[in-house]
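Take a look at the letters that make up each chain.
2 protein chains.
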Amino acid sequence: MYDKNTKTYIMGHKSPDTDAIVSALVYAAFLADHGHDVEPVALGEANNETKFVLEHVGMDMPMIVEELPDGAHIVLVDHNEQNQSIYDMDKHEIKWVVDHHKMGDFSTHKPLHMRLETLGSTASILHKIFKEKGYQPSQQLATMMISAILSDTLHFRSPTTTEEDKAIVEELNTIAAIEDLHEYSMKMFSAKSDLGDISAKELVQIDYKNFEFGGMKSWIGVIETTDPDYALGRKEEIVEAIHTIKEETWLDFVLLCVIDILNETNTCIVASDVEASIVKKAFDAETSDHIAHLGKRVSRKKTIVPPISEALSS
Amino acid sequence: MYDKNTKTYIMGHKSPDTDAIVSALVYAAFLADHGHDVEPVALGEANNETKFVLEHVGMDMPMIVEELPDGAHIVLVDHNEQNQSIYDMDKHEIKWVVDHHKMGDFSTHKPLHMRLETLGSTASILHKIFKEKGYQPSQQLATMMISAILSDTLHFRSPTTTEEDKAIVEELNTIAAIEDLHEYSMKMFSAKSDLGDISAKELVQIDYKNFEFGGMKSWIGVIETTDPDYALGRKEEIVEAIHTIKEETWLDFVLLCVIDILNETNTCIVASDVEASIVKKAFDAETSDHIAHLGKRVSRKKTIVPPISEALSS
Chain A
0 MYDKNTKTYI
10 MGHKSPDTDA
20 IVSALVYAAF
30 LADHGHDVEP
40 VALGEANNET
50 KFVLEHVGMD
60 MPMIVEELPD
70 GAHIVLVDHN
80 EQNQSIYDMD
90 KHEIKWVVDH
100 HKMGDFSTHK
110 PLHMRLETLG
120 STASILHKIF
130 KEKGYQPSQQ
140 LATMMISAIL
150 SDTLHFRSPT
160 TTEEDKAIVE
170 ELNTIAAIED
180 LHEYSMKMFS
190 AKSDLGDISA
200 KELVQIDYKN
210 FEFGGMKSWI
220 GVIETTDPDY
230 ALGRKEEIVE
240 AIHTIKEETW
250 LDFVLLCVID
260 ILNETNTCIV
270 ASDVEASIVK
280 KAFDAETSDH
290 IAHLGKRVSR
300 KKTIVPPISE
310 ALSS
Chain B
0 MYDKNTKTYI
10 MGHKSPDTDA
20 IVSALVYAAF
30 LADHGHDVEP
40 VALGEANNET
50 KFVLEHVGMD
60 MPMIVEELPD
70 GAHIVLVDHN
80 EQNQSIYDMD
90 KHEIKWVVDH
100 HKMGDFSTHK
110 PLHMRLETLG
120 STASILHKIF
130 KEKGYQPSQQ
140 LATMMISAIL
150 SDTLHFRSPT
160 TTEEDKAIVE
170 ELNTIAAIED
180 LHEYSMKMFS
190 AKSDLGDISA
200 KELVQIDYKN
210 FEFGGMKSWI
220 GVIETTDPDY
230 ALGRKEEIVE
240 AIHTIKEETW
250 LDFVLLCVID
260 ILNETNTCIV
270 ASDVEASIVK
280 KAFDAETSDH
290 IAHLGKRVSR
300 KKTIVPPISE
310 ALSS
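As you go down the protein sequences, you meet chains A and B in turn.
Residues 0 to 313 (numbering that gives the first Met the number 0) make up the first sequence, in order.
Residues 0 to 313 (numbering that gives the first Met the number 0) make up the second sequence, in order.
Careful, some of the hints might be misleading.
[Stated by the list, open to error] Below, in silico cross-link-like pairs of lysine-lysine (BS3-like), each with a Cα-Cα straight-line distance of 27 Å or less: (1) Lys109/B with Lys127/B; (2) Lys90/B with Lys127/A; (3) Lys127/B with Lys130/A.
Source of the hints: derived by calculation from the structure; they are not laboratory data.
Predicted, not measured: the structure shown is a model, and the values here were computed from it.
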């Protein structure tokens, strides 16, 4: 599967969430147990939810990298788009991709292995791979995988959730033995919602992905929180931060969706007329005073990005 | 996996080879047996090898299509690049991809299923999928799958061949019961080599794929044959046909590799200085009198395309 003599770096996406970090760590553990020379790495700081999970299971955060030597062997988990990956991705040799997102202008020089499924998390796909190979994860790994699934599916509230994800959590919990999954996920979500004393710019950066839609370069941020009022109360500052980010970069538009995890609503902060016209075109939503209500669209991958992609490609 | 109420079209690449046609037919049969409304289609005429195989097993050629209604649900087998697929691919909903090639600028609006493995043929991957699902192919389907594997791996001579492909053929042959695989593959290769009375332009078109490398639009044709002298003897005509094709299209370069299946050599017809400089850059091969000898590079996907992709992306 891999050249066992060449170190392979396993990485999730930039602005990593729990699924990105956990999938890199868990897949690396699996591959190391099969004799491969692998190193899990991260393309950014862990968020507070991920820190809570890693602390809970006693696992170290992977090394954060910005660049790798040209020609490094890499495995992408939880993403495939160049904009969301390691700098100069096309200078590396991509050996494997395990992901559950849409594909974005993905190219390689050589054939490779890819496994994409429309499940709620990358950790769910890893569970299937492990099972096919007869690999039993440890309690630590199983707990991490459950955490990633609960995080990505908002404990089964997100429309990305499938029956398979629920069954996988049940199966993994025979190993992880988390007593109360609801209580555990509430602890995770509280950790994620505890944004502390951070700047408005950091709020916009907390969980963002870059996409290119029909030539338009975008940044779509989400804040998944049990306390939407905190971010929405700082709307003016956030609008200003978005303007700064756009001035500093090559971005055509920046959206920040504040997702109320418990009530499953999406309140989008709309910085300018450009964003307002996109929100109108993609969701038929009106903007008033920098706010557009996007209803129950709580999943970037399933209910936010596809309408924008379709609206801007036509 | 699919919306069982929406017809899904299963298709291999343009300028189809045996693996492209067989994989579409076999995967469609599997999905139909699981209650899905599917239709295998082809993006071009079958070659003589494929016709031999379909006749041998008594299977009809799929319908040849040029366009589908916008928004059709499609499954791509044996390819992923837009240049090699249905017209306006991005207007359709790609539900699944099963492939063993490199990725080329592939994009979707929504998450999807993909399974790419570096095996010798797409039929080999389908075999693994069937096995995982506990699906036993009929003798007809098993014979078609073996044919696709033997075709794509040049009966295990191609460097794309893996031990897994060999084991899969052995396993499938417990169902197909082909007495002498060598004899059968020679019949396939003779059928493929019987080019009959075709024009030089048709020779260039017999098995080609379009790629984009660092902005350069290309056409890379191969003629896999037991009788390379036939095509090489028509070199002057072929060079002229390549010039015509380039004039009629937006192509930056066209290569035609004549692959001697039995002796495993690649003699490339080089139409102009543009092609000569690419062959020099990618393979360090000199061109003399419109011919460059590319040694044992008998696999477009493994030993022809990657060096060109690397040379032209840097």
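Against the structure, the hints come out as follows:
As the CA atoms of Lys109/B and Lys127/B are separated by approximately 26 Å, the hinted pair is consistent with the 27 Å bound. Note on Lys90/B and Lys127/A: the hinted pairing is violated, with a Cα-Cα distance of about 31 Å set against a maximum of 27 Å. In summary, the hint linking Lys127/B to Lys130/A is supported, as the alpha carbons are separated by about 15 Å, within the 27 Å threshold.
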